[in-house]
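The primary structure of each chain is shown beneath.
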Amino acid sequence: QEKVQQSPESLIVPEGAMSSLNCTFSNSASQSIWWYQQHPGKGPEALISIFSNGNKKEGRLTVYLNRASLHVSLHIRDSQPSDSAVYLCAVSILAGSFNKLTFGAGTRLAVCP
Amino acid sequence: NAGVIQTPRHKVTGKGQEATLWCEPISGHSAVFWYRQTIVQGLEFLTYFRNQAPIDDSGMPKERFSAQMPNQSHSTLKIQSTQPQDSAVYLCASSLASGNTLYFGEGSRLIVV
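Note that the protein sequences, when read in sequence, are chains S and V.
Numbering follows this note's numbering, in which position 22 of the first sequence is assigned residue number 22; successive positions increment by one, without gaps.
Numbering follows this note's numbering, in which position 14 of the second sequence is assigned residue number 14; successive positions increment by one, without gaps.
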């Protein structure tokens with residue numbers, strides 16, 4: 001059973017600051033790691049994914065993956081109040097004939113104007 | 001594209017009653033997933049269909065939960081003899097294939113009283 005742990009549980013940052021979220025997973029055979037954003041009353045929305053060791057940058061988002069330490073982080077540059085949401089880390093594992101996503105409990109981010 | 005459509009958005013049912021939740025995936029998506037989200041357990045995988053065929057239902061509570069996909073444009077999740085612990089947001093997601101980006105609906109909030 002894949003385990004996905006996220007930290008911190010909640011994070012408050014001022015507008016314009018860098019937000020840094022962490023995720024550890026238990027299975028080194030994981031396929032891709034995904035970050036989803038969820039606003040209240042809405043379904044999760046995919047933000048960015050990474051498969052290979054190293055980093056990946058898209059706009060204000062940067063993801064770092066270290067498979068040896070089973071750790072992935074998400075960094076949001078120049079955080080905006082609209083970034084306030086719950087961020088879910090999800091790990092894709094090949095389960096039989098399909099890739100199954102297992103989600104962490106989330107980090108609640110609040111960006112204060 | 002309307003995205004994944006879930007109905008009803010909210011449902012209140014009495015203990016022991018039956019609840020049926022509907023999902024219309026994005027047109028052209030061959031993979032349909034059901035997840036359940038609670039504060040305590042987070043997002044939990046329930047079941048997965050590929051090209052309408054059930055592939056994995058390992059997350060489904062065996063006795064009272066069932067899911068079907070009678071055609072490519074809709075899937076249903078049925079809960080018989082509902083219990084208070086079934087109260088949750090039930091999320092449907094679709095994707096082009098497993099391993100690709102999941103597109104979630106806004107969820108159906110079920111409250112069992």
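No wet-lab data here; the hints were simulated from the structure.
Ideal placement from N, C-alpha and C gives every residue a C-beta, glycine not left out.
Please note: incorrect hints may appear among the correct ones.
[What the hints assert, rightly or not] Partner residues aside, some chain S positions facing chain V, computed with beta carbon under 10 Å: (1) TYR36; (2) ALA95; (3) ALA110.
Problem - Hint check, failures only - result: Number 3 - this is the single hint that the structure violates.
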